[in-house]
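Engineer: Single-letter residue listing:
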Amino acid sequence: MTDDDIRLHLLRELIASGAAPSVGDTAAALGVSASDAAAAYDRLGANRVIVFRPGTRDVLMAAPLSAVPTPHVARMADGRSHYGNCVWDALGVIAMLGRDGDVDTVCTDCDAPLTLAVRGGALAPTDAVVHFAVPAARWWENIVFT
Amino acid sequence: MRGLDRGAVFTPEQLWALAKPWHGKRLDRGWKRFTPAEAEGVFAGAGLTGPFWHL
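Note that the protein sequences, when read in sequence, are chains A and B.
If you use my numbering, the first sequence closes out at 146, no skipped numbers anywhere.
If you use my numbering, the second sequence closes out at 1055, no skipped numbers anywhere.
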């Protein structure tokens, strides 16, 4: 088992069910010890590949997917929906899955619902504007806020 | 906002241009996070340059 096996298992489970598997579930699914799975989770967290709820090994983020509901939803053409951590990540879900989809999000300026549509690998024209508040060098100071 | 400057404003097309290389290969075996230099290259590829995008 490599850390990449764990990473891919987390992503595939999030895609399949919307929930991130626990260390115990992952260990059982991949046939490894819980301590080895926990160590892999820790390394993936330390390497900023996944993000935990503070003080736990409960996966909160496995980019681009969120393990908890967010206002940024990738609605795929096959009818399935997945939560992104932010609008960038929700578009990233569509990019990662390589299929048509819509991102349903909310305008942070006026709270109006906003949809970004991806068809055939291209973003449909929109007059929306994107705003990033936190400079790139500071994203990981508080990734949940970012 | 928490002592931050005004931030960066750009187009959804640029965000999509960022999302594709940033996340598009995450289901590939052997995927690796970008190095800071690689990440800045991805930003630049989407037309996002300047101090805000420095790592």
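Just to be clear, a hint being listed does not mean it is correct.
Derived contacts from chain A toward chain B, CB cut-off under 8 Å, selection only [said to hold, decoys possible]:
#1 Asp4
#2 Leu8
#3 Asn47
#4 Val51
#5 Leu91
#6 Ala95
#7 Leu116
#8 Ala117
#9 Phe132
#10 Ala133
#11 Pro135
#12 Ala137
#13 Glu141
#14 Ile143
#15 Thr146
Not close to chain A: a few residues of chain B, all C-beta gaps over 10 Å, as computed [what the hints assert, rightly or not]:
#16 Ala1008
#17 Thr1035
#18 Glu1038
#19 Gly1041
Just so you know, the hints here were simulated from the structure itself, not pulled from any lab data.
Where a beta carbon is used, it is the ideal one built from N, C-alpha and C, also for glycine.
Engineer: If a hint holds in the structure, say so; if it doesn't, say that too.
Structural biologist: Comparing the hints with the structure gives:
The interface hint given for A:Asp4 is met, as the beta carbon of that residue sits about 6 Å from the closest beta carbon of chain B, less than 8 Å. Taking 8 Å as the C-beta contact cut-off toward chain B, the hint placing A:Leu8 at the interface holds, the least distance being around 7 Å. The interface hint given for A:Asn47 is met, as the beta carbon of that residue sits about 7 Å from the closest beta carbon of chain B, less than 8 Å. With 8 Å as the threshold, the beta carbon of A:Val51 stays out of range of chain B, its nearest partner Cβ sitting at about 13 Å, so the hint is violated.
Annotation: A:Leu91 was flagged as interfacial toward chain B, and the flag holds, the nearest CB pair being 4 Å apart, inside 8 Å. A hinted interface residue such as A:Ala95 counts as satisfied when its beta carbon comes closer than 8 Å to some beta carbon of chain B; here the least separation is about 4 Å, so the hint holds. Interface hint status for A:Leu116: upheld, as the beta-carbon distance to the closest one in chain B is roughly 6 Å, under 8 Å. A hinted interface residue such as A:Ala117 counts as satisfied when its beta carbon comes closer than 8 Å to some beta carbon of chain B; here the least separation is about 10 Å, so the hint is violated.
The interface hint given for A:Phe132 is met, as the beta carbon of that residue sits about 5 Å from the closest beta carbon of chain B, less than 8 Å. Using the Cβ-Cβ criterion of 8 Å, the hint placing A:Ala133 at the interface with chain B is satisfied: the shortest such distance is roughly 4 Å. About 5 Å separates the beta-carbon of A:Pro135 from the nearest beta-carbon of chain B, less than 8 Å, and the hint is met. Below 8 Å, beta-carbon pairs count as interface contacts, and A:Ala137 has one with chain B at about 5 Å; its hint therefore holds.
Interface hint status for A:Glu141: violated, as the beta-carbon distance to the closest one in chain B is roughly 10 Å, over 8 Å. At its closest, the beta carbon of A:Ile143 sits 13 Å from a beta carbon of chain B; the interface hint therefore is violated under the 8 Å criterion. Using the Cβ-Cβ criterion of 8 Å, the hint placing A:Thr146 at the interface with chain B is not satisfied: the shortest such distance is roughly 11 Å. Annotated as non-interface, B:Ala1008 brings its C-beta within 10 Å of a C-beta of chain A; the closest such distance is 5 Å.
Residue-level check passed: B:Thr1035 sits 12 Å from the nearest beta carbon of chain A, beyond 10 Å. A cut-off of 10 Å between C-beta atoms confirms that B:Glu1038 is not in contact with chain A; the least separation is 13 Å. No beta-carbon of chain A is positioned within 10 Å of the beta-carbon of B:Gly1041; the least distance is around 12 Å.
Consistency note: the structure conflicts with the earlier hints numbered 4, 8, 13, 14, 15, 16.
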